[in-house]
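Visitor: Letter by letter, the chains look like this.
Number of protein chains: 2
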Amino acid sequence: MSASGDLQATRDASRKCWLETANDPQCDFPIQNLPFGIFSDTRNPTPRAGIAIGDCVVDLSALEAAGLLTLPAGGRAVFTRDSLNDFIALGREVWRSVRIQLSALLARETASSALRDDPALRTRALIPLADATLHLPVEIPGYTDFYSSKEHATNVGSMFRDPKNALLPNWSEMPIGYNGRASSVVVSGTPVRRPNGQLKRPDAERPVFGACRKLDIELETGFIIGRGNALGEPVACEDAESRIFGMVLLNDWSARDIQQWEYVPLGPFNSKTFATTISPWIVTLDALEPFRVAQPVQAPKPLDYLRHAGEHAFEIALEVTLRPQNAPQPTTISRTNFRHMYWTMAQQLAHHTVSGCNTRVGDLMGSGTISGPADDAFGSLLELTWNGQKPLELNGGGTRTFIEDGDELTLSGWCQGDGYRVGFGPCVGEILPAHR
Amino acid sequence: MSASGDLQATRDASRKCWLETANDPQCDFPIQNLPFGIFSDTRNPTPRAGIAIGDCVVDLSALEAAGLLTLPAGGRAVFTRDSLNDFIALGREVWRSVRIQLSALLARETASSALRDDPALRTRALIPLADATLHLPVEIPGYTDFYSSKEHATNVGSMFRDPKNALLPNWSEMPIGYNGRASSVVVSGTPVRRPNGQLKRPDAERPVFGACRKLDIELETGFIIGRGNALGEPVACEDAESRIFGMVLLNDWSARDIQQWEYVPLGPFNSKTFATTISPWIVTLDALEPFRVAQPVQAPKPLDYLRHAGEHAFEIALEVTLRPQNAPQPTTISRTNFRHMYWTMAQQLAHHTVSGCNTRVGDLMGSGTISGPADDAFGSLLELTWNGQKPLELNGGGTRTFIEDGDELTLSGWCQGDGYRVGFGPCVGEILPAHR
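Taken in sequence, the protein lines are chains G and P. In terms of our numbering, the first sequence opens at residue 488 and continues consecutively. In terms of our numbering, the second sequence opens at residue 488 and continues consecutively.
Be a bit skeptical, because a hint or two may be false.
Just so you know, same-sequence chains aren't split out, so a pair can sit in one copy or run between any two.
To be verified - DSS-like, lysine-lysine: derived pairs with alpha carbons at most 30 Å apart:
(1) Lys877 <-> Lys687
(2) Lys503 <-> Lys687
(3) Lys503 <-> Lys877
(4) Lys637 <-> Lys877
(5) Lys687 <-> Lys637
(6) Lys687 <-> Lys651
(7) Lys651 <-> Lys637
(8) Lys637 <-> Lys788
(9) Lys503 <-> Lys651
(10) Lys503 <-> Lys637
(11) Lys788 <-> Lys877
Calculated from the structure, these hints are not laboratory results. These figures come from a predicted structure and were not determined experimentally.
So here's chain G without its partners, still in its complex pose:
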């Protein structure tokens, strides 16, 4: 079978795993997914590389040590590192080779499985997710956040500028983006402290210092750069997807009151830099391939450097839940889809580099808040409650305009296949009270 045939087979909807939990149609991690992450566990506290399958993590360093995973000479022991960067830097052919090898090791159909049939190795290499601690999957040299949902940009423009001219003229010509703060990107599960900062009421003469009163989420996805580009050498739009390793969910926590006072003229700063949460598993573009769909029609037609033939959006269902402290159940506050995004990831990367900016392996690029057309498909509380004017009703009583202390916010995302789903796992953060 050819390598491309092998790759195709890793996405076969009928392929099942000998680990039965992976075959549950609601499981985020079937054999078609095989997302990469960094984990440690109670027996071995050293962070190392793994993939998620069913309710387990497969320890890739253990598989390689057992001779079950072949890497090129320069890549040996790459899975023992505490980030995926060195693995990712080996290049797309290696990502694909590892995916093909893993799928074969885990497939029920595979005639011989050295992993399945070796109880000692299974104990070493297959760790229950419940026993694992998940870490940031990559060291992130740079973080950029885009603003590519037309619905979100229109909503925000209506609220803060002019409902009649909500969308600024540059928005339809380029994927507007800005530099984010890489140091404060944290992995799902990390508590997030409510920020303090400058707050100014419109009628006040001067700002006061205090805790943010309009703490918000932004429902986003992010993509991870798999192959960088040199300074001064832009990435062509048609070539851009080949440089993307995979995707995560991303919560771009935002302090709306701090943001409104600080953001003119140089953009958001303290209102965003206190924390950005990403999900721990990187779902590869190879796993997302079956869920490729057409992007929205773009009018005006983009300038040449932003053009690409074919389909470059992905059908990814997205949900946000909010659970107050000690509440028995969460409330789903938003349901939307990544396919609504106006600008594609390829266009974002082409635009990012068009002036010559270099990118590096591990760079994180956020999509921007993903809002759909319906009122319950908005990706932020700012939009869902229309800046606090329309409180949300919570299951079990209570309402929310913005986030309160102790609230736990969870993003979820998955691609629905035929009898399985390729999911991201949760992207969770609980809000701690501000320092006094």
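Following the hints, put chain P in place on chain G, whose structure we already have.
Guide: Same frame as chain G, but now just chain P:
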């Protein structure tokens, strides 16, 4: 002698070096300076740590190997690395101890000098600057740029917004800053390619793609974080200076036409991310201490978290020259001083972290364009030529509104002492034509 007395002695204006070129009153690198950098040379192409003295580099790894430089146990061989980050992470007491040891090794007054009197070691450890290649001194995990010159913000606001309300209301309340792009920070001497991007004339319906026509400098300084802070744990303004390792010159190259079209509402992106140049030597705060002066009076009085007692500005003379390709001589186009900056470095760092944002060793924080009150003290061509309306006359003929291909721009900076100066060395970049 006490450690603080030893530190004071390293700044003694009367101290001379046995390397006579260091005693030239015009030399940037007298014995009072001792700035740190990373270099390689024709005999040894491995980048490693050095300090500049007179017309030479002292190879710190060679000094340590020869037993002339004592580091704590955890810091051994730290000078053999290709960035200063690990050295800086050893902490301020170690920076100071190394400074004191180096000053003693290099002082003419020192009774015995194991370096001066060992010809073989001198050949190994003392490399002419002319034979050295200078590299980025630190690996930069994060780059932030501020906007802290009142004159600059007023000039820009007058040109692009409203001359009557040039300064936005938030400007006087906080050191406005934004996240920059760390990947494209390059060391002095690296050629800079003119960026392409979207350009839109005010009367045009749509933008066109093309080479920037309003390429500009921004004369800035930058400071390097020497001790980071944890996520969620702000740095107090009074404590902020102790976390700064030192300063560099910084040229925040800017594409004004790209910037004007892209920057609303999220700030500059492609117009800045193509390159930022810094000078190769980090001048420590310990070397700058004698040049501390009072910052401008701040009115309104800043909020509590931005207050610090005492003097927190530094008297640093700054100059910009422009030399067209093949021109025999440069033209000085700006002369100003860092002491004009409204917000101090300590206030910038306190503000950066007030919402909980973490910083890391090696982070770079740009001052923002440094414009003084006089018309020839502006730190950008945008201001010097008032957006191209008042061309500058060049020595030897010709004029400039913005930068042309082949132009070489050089920033210089120094603190004038009594018979010596503590200088930064040049921060240079030549502009290459845009890709077609």
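Visitor: Could you run down the list of hints and mark each one as holding or not?
Guide: These are the hints, each one checked on the structure:
1. Lys877 <-> Lys687: within (22 Å within a copy, 39 Å between copies)
2. Lys503 <-> Lys687: neither (57 Å within a copy, 54 Å between copies)
3. Lys503 <-> Lys877: neither (46 Å within a copy, 72 Å between copies)
4. Lys637 <-> Lys877: So lysine 637 and lysine 877 pass the 30 Å test inside one copy only (22 Å; across, 41 Å).
5. Lys687 <-> Lys637: For lysine 687 and lysine 637, the Cα distance is within 30 Å both inside one copy (29 Å) and across copies (21 Å).
6. Lys687 <-> Lys651: both (26 Å within a copy, 22 Å between copies)
7. Lys651 <-> Lys637: Answer is within: at 15 Å inside a copy they meet the 30 Å cutoff, but 35 Å across does not.
8. Lys637 <-> Lys788: Classified as within: same-chain Cα gap 15 Å, cross-chain 41 Å, threshold 30 Å.
9. Lys503 <-> Lys651: For lysine 503 and lysine 651, neither the intra-copy (53 Å) nor the inter-copy (70 Å) Cα distance is at most 30 Å.
10. Lys503 <-> Lys637: Classified as neither; 39 Å inside a copy, 65 Å across copies.
11. Lys788 <-> Lys877: neither (36 Å within a copy, 38 Å between copies)
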